[in-house]
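Here the protein sequences line up with chains A and B, keeping their order.
The opening position of the first sequence corresponds to residue 1 in this note's numbering, with each subsequent residue numbered one higher.
The opening position of the second sequence corresponds to residue 1 in this note's numbering, with each subsequent residue numbered one higher.
Any given hint could be a false lead.
Negatives, chain B to chain A, calculated, CB over 10 Å [said to hold, decoys possible]:
id : residue
1  : Arg59
2  : Ile114
3  : Ala296
Between beta-carbon pairs, the in silico distance windows are [claimed, not checked]:
id : chain 1 : residue 1 : chain 2 : residue 2 : range
4  : B       : Gln85     : A       : Ala285    : 50 to 56 Å
5  : B       : Ser134    : A       : Pro238    : 51 to 57 Å
6  : A       : Arg53     : B       : Asp282    : 38 to 44 Å
7  : A       : Asp159    : B       : Pro172    : 46 to 52 Å
8  : A       : Val135    : B       : Arg2      : 39 to 45 Å
9  : B       : Leu57     : A       : Leu78     : 39 to 45 Å
10 : B       : Arg2      : A       : Asp159    : 21 to 27 Å
One side only, chain B facing chain A, incomplete, derived with CB under 8 Å [unchecked claim]:
id : residue
11 : Met18
12 : Ile19
13 : Pro172
14 : Ile261
15 : Thr299
Everything labelled a hint here was simulated from the structure, so no lab data went into it.
In this text, a Cβ means the ideal position worked out from N, Cα and C, and glycines have one as well.
What follows is the residue order along each chain.
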Amino acid sequence: MAHHRDANDPKPRSLGAAALREADFPIPTGVLPADARSRRTESPTMQALRRLRRSTTALIGLGIVVALLLVAALADVLAPQSPIVSDQTQTFRLPSAEHPMGTDQLGRDMLSRVIHGSRVSLAVGVSSVLLALFVGVPMGMIAGFYGGRVDTIVMRVMDLILAFPVYLLAIIIMVIFTPTAGWLGTIKVIGAIAIVRIPIYARLVRGSVLSIKEKEYIEACRALGQRGPSILLRHVLPNSLAPVIVATTLGIGTAIIVEATLSFLGLGTQPPTPSWGWDLKANVAFIQANAWLTIFPGLAIFVTVLGFNLFGDGLRDALDPRLK
Amino acid sequence: MRTYILRRLLQIVPTVLMITLVVFVMMQSIPGDPVVALLGDAYTEEDAIKMREQYGLDRSVAVQYLIWLGRLVQGDWGTSVLSGQPVLKEVLIRLPVTIELIILAMVVALMIAIPAAIIGALRQNRWQDYTATSAALVGISIPEFFLGVLLLLLFSFGLKGLLPSSGWVYLPGTCPTIICNSGVWGNLQHVLMPAIALGVARAALLTRLLRASMLEVIRTEYVTSARAKGLGEWKVVFKHGLKNALIPTVTVMGLQISFLIGGAIVIETLFALPGLGTFGIDAIIARDYPQVQGFALLTACAFVVMNLVVDLTYSLLDPRIRYGG
């Protein structure tokens with residue numbers, strides 16, 4: 001049984017796979033097994049891309065994500081009607097050729113609202129994670145690399161954020177920011193979600209920096225007389241990126257759910273800006289007679305998050321086969 | 001073990017202090033003068049000055065924080081504007097509902113995750129595994145409130161009102177007022193859908209984690225030797241496999257609980273349960289800030305206590321923890 005499984009494993013602990021992580025670790029020829037030597041001509045990035053192309057799940061995920069980005073970018077062209085202007089003669093229409101997803105209590109075309117809702121979801125999902133990344137990654141790197149008092153201070157601040165349940169802290173921050181409509185409101189939501197997500201990246205990066213800084217190639221850099229910041233940027237950062245890239249993709253999925261949840265609670269995106277979470281909440285009151293009004297925005301959130309999760313899973317398998 | 005528990009209890013103190021500080025900052029950030037709000041139409045300059053003195057509002061922010069903290073410790077959490085009741089009394093009435101929901105959601109999650117992870121790990125790369133992992137991926141991608149809506153459509157409206165769509169029946173003995181519905185069966189009917197909606201997403205994540213660590217554990221030498229000495233497969237899987245696979249899973253439980261509490265707030269809102277979540281959200285919408293403060297404080301402290309319980313469970317599962325850092 002055990003033998004059979006090991007045979008399926010994509011070389012869990014061979015030198016070739018280890019060198020993939022330590023990107024610029026020079027591979028001495030003649031020491032490695034034959035297959036690792038033949039792979040030497042291919043850069044780790046190319047290897048990862050090749051593996052990614054072979055993964056069906058990753059491709060499906062990427063397809064969903066690209067399609068959604070197109071929908072969000074072309075929302076004005078794709079949406080048959082305005083998502084905001086109401087029409088009192090057209091309230092609660094069943095899904096039909098004219099309104100494929102029906103209309104809501106204000107007579108607004110649901111399809112147009114779902115199409116426009118993708119903008120807020122994707123904008124908040126992507127920007128909040130990027131913002132958390134730009135703050136969290138340097139914090140984690142500095143804390144892990146320099147250690148000592150810097151480490152203690154940075155990680156205490158992270159502990160403070162983690163002392164709160166994610167949603168509770170996001171809710172508290174939104175109470176402080178006070179939710180508003182329009183792009184300013186969207187920025188507030190992005191900020192709130194970014195703050196609660198920072199510790200995740202800081203801890204992740206700190207963890208990998210702690211193990212990387214003990215490696216021989218970092219010792220070699222020091223022996224060559226390179227300075228701390230240069231080692232940090234040129235050697236530590238690239239080698240700690242793989243788990244961060246995976247966490248980023250999966251994090252976008254989570255951030256989209258958090259945005260939808262905040263909007264569902266009435267603390268995220270405010271009307272009239274179309275948002276899937278808000279639409280779902282607003283239509284729960286009419287669920288008994290008009291179920292489709294809650295189902296379409298819900299499905300939109302589900303498919304979007306699924307896309308990012310599929311892509312993130314595929315990316316993880318491609319970047320680090322040992323994690324599979 | 002006793003020193004370990006004592007040390008963990010002491011570690012709670014700074015965390016709780018930090019929580020109160022954040023909540024204090026939140027209360028300070030609220031626009032408007034509380035004295036103006038309290039005096040209302042009867043506002044005069046002299047009364048305002050008197051009141052500021054009385055509440056310590058003329059002192060520095062640091063002193064104000066200490067006064068505020070002192071009042072919290074004495075059990076004075078303010079008076080709810082919505083109900084006119086002391087906030088502390090109100091939150092303590094709401095707490096059991098939320099705790100019941102979270103515990104049952106956890107039970108649902110474990111009841112799904114443990115079998116799914118074992119099947120996935122023992123049948124790796126076969127259809128059973130693919131089914132379990134795909135289901136887990138779907139479960140992770142579906143927001144709790146959407147799953148709740150789907151359950152509502154199926155069980156409350158689709159199946160002719162099999163389960164109630166909202167409201168609450170208290171467990172016998174937990175009824176907060178003189179007259180209210182109580183009963184075990186009614187309670188179960190009301191809590192079932194919310195618990196499933198909340199538990200499924202956690203089950204999905206647990207399945208993935210547990211499957212991965214099960215895969216690692218069943219390849220270890222102690223499992224091979226357990227098999228070699230002729231132990232039944234059932235015993236090998238549960239006694240040697242699952243117990244060790246649970247250790248890394250419990251580590252991430254803190255984050256799980258974090259999302260469970262957040263999910264409970266949303267699910268309570270959807271199903272109109274009289275728990276902490278609806279208490280907080282109603283207060284935020286009505287701008288009842290003493291009530292918002294009580295909600296934030298108690299929810300954050302509940303999280304700290306739950307994390308402590310997880311840590312202690314962890315040390316029971318893995319004796320190494322008690323002696324190490």
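So, going through the hints one by one against the coordinates:
| no. | hint | result |
| --- | --- | --- |
| 1 | Arg59 | 22 Å, holds |
| 2 | Ile114 | 21 Å, holds |
| 3 | Ala296 | 6 Å, violated |
| 4 | Gln85(B) - Ala285(A): 50 to 56 Å | 28 Å, violated |
| 5 | Ser134(B) - Pro238(A): 51 to 57 Å | 34 Å, violated |
| 6 | Arg53(A) - Asp282(B): 38 to 44 Å | 51 Å, violated |
| 7 | Asp159(A) - Pro172(B): 46 to 52 Å | 41 Å, violated |
| 8 | Val135(A) - Arg2(B): 39 to 45 Å | 41 Å, holds |
| 9 | Leu57(B) - Leu78(A): 39 to 45 Å | 55 Å, violated |
| 10 | Arg2(B) - Asp159(A): 21 to 27 Å | 25 Å, holds |
| 11 | Met18 | 5 Å, holds |
| 12 | Ile19 | 6 Å, holds |
| 13 | Pro172 | 30 Å, violated |
| 14 | Ile261 | 4 Å, holds |
| 15 | Thr299 | 5 Å, holds |
Hint compliance for this structure: hints 3, 4, 5, 6, 7, 9 and 13 are not met, and every other hint is.
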